[in-house]
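Undergrad: This is what each chain is made of:
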Amino acid sequence: MSHSTLIAGDFLSLLAERQLAPLRVESVSESFVQTQATTVFAFHFAEGVLMAGDRRATAGNVIVTDRVDKIIEIDSSSLLAVAGVPATAFEMARVLQTSFEYYRRSQLQPLSLPARVRALARLLRENLPMTMQGIGVVVPLFAGVDQAASPPKPQIYFYDPLGAQFQAVGYAASGSGSGTIRSILSFQERYGQPMPSQMKLGEAVRFAVRLLATASEFDSATGGVNPATDTYATMKVLKSEGVETVTEEQQKEILRG
Amino acid sequence: MTEEPYRWLEAIANRREYVGEQLKSGSPVLGASLPEGVLMLGVGSGQSKVFELFDRHALAGLGHPADIEKIRQAAIDAAHVEAFTRAPEDVSLRRLVGFGLSPQLKNNFEQIFSAPFLVELLLAELGEEPAQDLFFRLHYDGSFQTQMGGAVLAASQSEPEAAGQKWLKEALQGKSNRSEAAEVLLQTWWCVSENKPLTGQIPAEAERKAGWREAAKGRVVEIGWLARHNARPARYQAQTLSDLGL
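Top to bottom, those sequences are chains A and B.
Taking the numbering used here, the leading residue of the first sequence gets 1, the next gets one more, and so forth.
Taking the numbering used here, the leading residue of the second sequence gets 1001, the next gets one more, and so forth.
These aren't lab readings, by the way, just hints derived from the structure by calculation.
Quantities reported herein were computed from a predicted structural model and do not represent experimental measurements.
Honestly, I wouldn't trust all of these hints.
Claimed, not checked - 20 Å max Cα-Cα, derived SDA-like pairs, lysine to any residue:
1) A:LYS239 x B:LYS1070
2) A:LYS239 x A:PRO152
3) A:LYS239 x B:ARG1232
4) B:LYS1070 x A:PRO152
5) B:LYS1070 x A:ALA8
Make a model of the complete structure from these sequences and hints.
TA: Written out as structure tokens, the structure is:
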């Protein structure tokens, strides 16, 4: 952890002070097959941002589990979608959760959206040695409410593995199934009726589940979402008032309707 | 000079007197365990009396703002390091006060060449049920008392505090609603801070109601609510009088 990147009042600076660096680089043998998690995406809909992910984690050609939660509530106004190596991604989520809450409680004000976006970029940059070794690669998506906008508005950001951050205009996707997802979202945004940005919650949820089901037909690492077998996505909605979870039961109801 | 035992005792007694004098005009803070959560209340200048510490923990205090701030930061640091290195479920008020804040305060109070902390504190931990709610009454010298459930009061002097606490318990009987409880806490706050009797000739309810409203004019009633039934890990919500319909 580089001390030059620390800011006063930040939880990471407290960890550095206590010599509790959250991420460490370990060497591994070449035969090691790492667990990976895909596919996640986020798009703007009429009421905010919908973020969803499939449920599958793989290691090589082995399906490790079909019950992973890839959409993580960081705090009441931020969501993280993880694609890549779960071990690193979940640790990044934990650092962000503690860091944002620590800042809010200690400084008596929430961290600004630009600072939240950069906090994740910093974790990705600190993960650079593992990324360069081809292990521990994480390519997340982030959604947060911009409180400086009037009225406050949820925004979507995507990253490259080195930590570059980009704001998404309409949507973003990451992971091995993201090609399919991006193509459909692009098509729908250009020619669809309604466009994703005009969809109401029910329409957006139905669309999101179908996106994942379609992606799983072309990508073996995407799975665990199949309405026919009553398995649904991990899905959350970010509105200017905060985070809401769309449960499996709710997805089922919406798809039935 | 201070190596002589009686001099040290004298110095400590002088410090008690000094701290007591400094805290005399402090505005009391109060807490109550209710079926739906824990209510913490104080009257100050906004973000000066009642604070969130961690997911299920809150602090209310009176005294020097800089000292309250130091204690608050120490408690938040300790809670977050504990939660990060272990788990949020491992953060407990008993350990936070017993092994962290109390020894620090005691040590600081007895170091007679350094300035003592000018604080009186009330800390709360939300339990799964009201009977598991835990309050710590922490004093400037590091001593503390614990209480499960019920209602508590922290004031600058022990006699009005004891009288206020006794009355508060009786007055809160049968009041499970957050607004009703806040009204009782504010009446108690007014009686204790204005030196009104809480035994014998207690001011009438109408006088108490008008009293706290008049005394709170131009100040901020700071209300912290630890919600028992909340899906999010962070249970603390800052509330206003209008949120409670007062």
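Undergrad: CA of LYS1070 of chain B to CA of ALA8 of chain A, is that 20 Å or under?
TA: holds (15 Å)
Undergrad: Given the hint that LYS239 of chain A pairs with ARG1232 of chain B, does the C-alpha gap stay at or below 20 Å?
TA: holds (16 Å)
Undergrad: Is the straight-line distance between the alpha-carbon of LYS239 of chain A and that of LYS1070 of chain B 20 Å or less?
TA: Violated. LYS239 of chain A to LYS1070 of chain B sits at ~35 Å, over the 20 Å cutoff.
Undergrad: Quickly compare the C-alpha distance for LYS239 of chain A and PRO152 of chain A to 20 Å and report which way the hint goes.
TA: The given pair, whose Cα atoms are some 9 Å apart, holds under the 20 Å limit.
Undergrad: Assess, step by step, whether the Cα of LYS1070 of chain B is no farther than 20 Å from the Cα of PRO152 of chain A, and give holds or violated.
TA: Given that 20 Å is the threshold and the Cα spacing comes to 33 Å, the pair is violated.
Violated hints for the displayed structure, listed by number in ascending order: 1, 4.
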